[in-house]
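> Using the hints, position chain B against chain W.
If you read the sequences in order, they're chains W and B. First residue of the first sequence? That's 5 in my numbering, and the numbers climb one at a time after it. First residue of the second sequence? That's 6 in my numbering, and the numbers climb one at a time after it.
Heads up, some of the hints might be wrong.
[What the hints assert, rightly or not] As a list, the in silico DSS-like pairs of lysine-lysine whose alpha-carbon atoms are at most 30 angstroms apart:
hint	chain 1	residue 1	chain 2	residue 2
1	B	K158	B	K113
2	W	K247	B	K146
3	W	K167	B	K146
4	B	K272	W	K249
5	W	K167	B	K266
[Said to hold, decoys possible] Listed next, the stretches of chain W that the computed footprint assigns to chain B, with coverage defined by at least 3 CB atoms under 8 angstroms from CB atoms of chain B:
hint	region
6	154-165
7	168-181
Worth flagging that the hints you see were computed from the coordinates, not collected in a lab. The C-beta atom is built at its ideal place from N, Cα and C for all residues, glycine as well.
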Amino acid sequence: MTIWYLLLCIVFVLIGALIGSALSMLPGLHVYNVIGFFLLFYFSAGLVLDSMLMVLMLIGMLVSYAFVFTIPSIYFSAPDDSTMFILMPSLRYLKEGRGHEAVLLIASGALIGVLAIVIFVPLFMGPLSIVWSIVSTHLHWIIGAVIAYMLLSEFPKDFGRHKNPLHGLKEAWKTILAGYLTFFLSAILGLIVFNKTIVPAEHAFQSLMAPLIGLFATSSIILNLISKYEIPEQNIPKSIDTKPKELLHGAVAGSSGGLFAAFLPAVTAGVGGYMASHGFAQKGDKSFLVSMGASRVVYYVGAIALFFLPVLHLRRGALAMGINLFFTPESVQQFYLVDMGIAIAGLFAFFVVVYASKFLARRIYKINPKTLNLIVLGIVILIVYFMTSWQGLLIMAVATAIGLIPVLFNSRRSHCLAVILVPIWLNMSGISLGGLFGLW
Amino acid sequence: MKGFAHFLAGLTTATFVVVIANMYYGQNIIATEIVVHKALIIILGGIFGILPDTIDFRFAKYLQRHDYEVDMDEWSLDPQLVADTLAKAIDQAAEEKREVNVMLHTIKISSDQWRQYTVRFDTKNKKVICDIGPIISGFEKRPYINSYLPPEKSHAEASFKADLEYNYDEVTHVDILSGPDFSFFPEGDNKVRADFIPWHRRWGHSITLGVMLAPIGFMLYGFTPMGWTAFWIIMLGYWSHILTDHFGLMGSNMLPPFTTKRVPGFKVTRSMSTLANVYTNYLNVLLVIFNINALNYALAGKDYLSMHWLSYLGENISYSEWYVVGLMNYIVYYILPPIIISYLLVSWIRRRKGVKELTDKEARSAEQLEEIGGVNV
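If we strip away everything but chain W, and leave its shape as in the complex, we get (with noise of 0.2 angstroms):
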C-alpha cells in the first residue's frame, strides 16, 4: 500500500463522513436508506471505483450518522428505533434550556464508543470469535430471553393513589396492558412487513423504513403537536461538569450494550443499551445520555468492525450485508484500514455534533414548537413518500397509530420494536407465523 493510497483512503472517509453528516440532519431519515441508493448508483455505474475506497466512503457515512443523528433526535424530536430511549431525558434537558448539554454528553459517549471500537474490538478477536462459536446454535431462545425480559421488565408508573385494591389493579395494568398491546401490534406489523413487500418492488429494500419512522419519529412529532411546550433560551455551557465516574460508567454501559446488539440479529442499539444500563446498575440522566450514545455508536460502527474482523467476519446490518454484495474482506491489513476510517469519521463527526447543536442551540428557541414539529413532519412524509411511494405512507400512518399507544398510555416505548424482533425471532425458532395473516 502506497502512501497516496493511503491518503486516498483518508479523502474517501471524510467524503463518506461529510455526506452522512448533511443527510442525518434530516429528520426521519436512516444512513441505510441513502447508502442502499448508493449502492444502487455503484452497480450502474459498474463499479468504476476501486471497492475498499467505496466501503471506506460507506463506512464514514454509517459513522457520521451515528453521531450526528443526535441533532434531529433532540432539537427535532425526530428520534430512531435507537434513539428513542434518549427523547425522554433529552427532551426534559431541552425544556430546561440544557440541549446543547444533552447532545454533548451524547456526542462523548459516542466518542468514547469509537475508541472502544478502534483499541478493544481487535484486542478481543479471539474471544468474540470463540464465544460466537459457541453462541450461534442458541440465537433463538437468547432473542426470545430478550423479549421476555422487554416484556416483564415494566413495572407499573402509578403514583399509589387507589380507591381499593381492585381500582389499584385496574390503574397499573392499563399501562401495562397498553405495552403489551403495543407489542403485539408491532409484532404483527412486523410479520406482515417482513413476509409481504407492501412497497413498490423497486423500493422493497427500504421496506422497514416506513414502520420505523411511523413507529418512532411520526409518533414522537404528533405528541410534541398535541401537548403544550416552549423551548427556553438555550445554555451552551463550556464543558458538561460530569464526574469521570459517571462518564466512565455511562460509556462502558453503553459500549457493552451496543456491542451485544451488533453481535446478536435482531436486537439494536436501544434494547441492547437499556439491557446494560440495567445490567450496570446506572443511575442519573447524565450517565444514561453517555451511555446511550455509547451503545448507538458501537451498535452501529461495532457490526461493521465486527463484518472485518480477521476470524470472525459476522455480517451484521444492512451496511455489512450491502458491502457483501461487492467486497469480501479478506486480510487483517484491510480491517485495521476500516478501523482507521472508523477513529477518523469519528473524530470528524464528534466536532461536526459539536458545532451544528452550538448552531442549534443558540436559535431553536427563536422559531415556535409547533411549527418546528410541522415543518418535520412534512420532510419525514416527504421522505417517506419519495422513498416508499404511497403504500410506505399508508403503513407509515398504521405504525404511527401503533407507536402513538406507548406514548398516550406512558408505556415503554421499546414495545414497538417488535417490529423487528419478532419476526426474525419466529424465524430462527423455527416458528412460522405468517400462514395466520394470509401472506403465503
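For chain B alone, kept in the frame of chain W given last:
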C-alpha cells in the same frame, strides 16, 4: 439486585439444570431438544427468575390495604398531619394489638416536578419528625433553590407512647413516583415493630411459592424428561431470585404461611450497588457461556473453550469429569481474576478518596427506597 441480575441469574440456573438433566437422561435428549428442535425451555429460568418482583410490583403492592393515607398537595402542605398520623398509627398498633398500615403519598407538581418531604423516627425520644423540603426536578432530584419553605411552616413533630423498633435509616425521603408505606406490628407489651414497604419480599419472595409454581413445567411439557427439566428450572430459577436478594440486607419471608417475618439477609452486599450488580451479571454471563459450550460439546463433541486443566486428565475422561474440572478451571482463569482485580482497584480508590460506607440502616432504607415504584427492577 436489579431485575436484570435476577433475570440473568434465572437463565444461568436454567443452563445448569439443562446440562445436568442432559447428563441424567443421557442420549442427549435435552440438548437435542434445545439445539436441534429449538426448544425455548431455558427462557423459563429468566421468566421465573424475575417473577418474584413482578408479583410484588404488579400485584402485591395493590393488594396492600392502608388504615391511613396522607395525601397532601402543594396548596395544603401540612407537616403536622404527617407526624400526627404516623404517631397515632404507632400507638394504635400497640393499644389495639393489630397491624396498622400508613401510606405516605408523594406531592406531584408537574410532569417533572415534585415537592420532597422527609419523615424521621426518633425512637429514643419517641417522636416522629416531618420536614417539608424543596421542589425537586425529576429523577435527578435537583432542588429548586427558591422553593424551600420557611422553618415554621416546614417542620413538625408528634410524640408516641409505644416502644418502636425501627431497623431502617432514621430519615425516609418521600419524593418521586409512588410514596412509601409503613406497617406497624404489635410485638409484646407496648412494643411496636415498623416495617418499611410491607408488601415487598413477603409471600412473593418465598421458597413456598417457588415449589407451588414448579408444576407449570409439567403443564408445558407433560411428564416427560423436558417436563421434569422445566419443573426444576422453574423452581430453582425462582429460588435464584430469593437467594440473590438474600445476599443484601433486607432478606425475604422464606416459608409463608409457616413464617410471617422477613428473615434478614446475609449482609454481603447492597442490592443497589453497581459493583455487586456488575459482578453478578458478569458471573452469570460467563457461566451461561460455559454451560452452552457444555451442551454443544455433549451434542457435537466440539469444545470451543478447551480448558487447560483438562489436558492433565488425559483423553479418556467422562463427560461429568470434563464438566466439573473444566468449570473449575474456567472459574479460576476467567471468572475470578477480573472480579478480584477490579474489586481491589475500586476498594483502593475508595479508600484513597475516603468514600464513606453506608451503615446497615442507611443501606437497608436505600435498598427499599430504590425499589419503590419499580425503580430497582
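> For the region 154-165 of chain W, does the count of residues with a C-beta closer than 8 angstroms to a C-beta of chain B reach 3?
Per the Cβ count (9), the hint holds.
> B:K158 and B:K113 were given as a pair; does the straight-line alpha-carbon distance stay at or below 30 angstroms?
19 angstroms, holds
> For B:K272 and W:K249, compute the direct alpha-carbon distance and say whether it is at most 30 angstroms.
26 angstroms, holds
> For the pair we were handed, W:K167 and B:K266, check the Cα-Cα distance against 30 angstroms.
28 angstroms, holds
> Are 3 or more residues of the region 168-181 of chain W near chain B, judged by a Cβ distance of less than 8 angstroms?
Check passed, 6 qualifying residues.
> Tell me if the straight-line CA distance from W:K247 to B:K146 falls inside 30 angstroms.
Answer holds: W:K247 to B:K146 is near 17 angstroms, not above 30 angstroms.
> Are the Cα positions of W:K167 and B:K146 separated by 30 angstroms at most?
29 angstroms, holds
Checked against the numbered hints given earlier, the structure satisfies every one of them.
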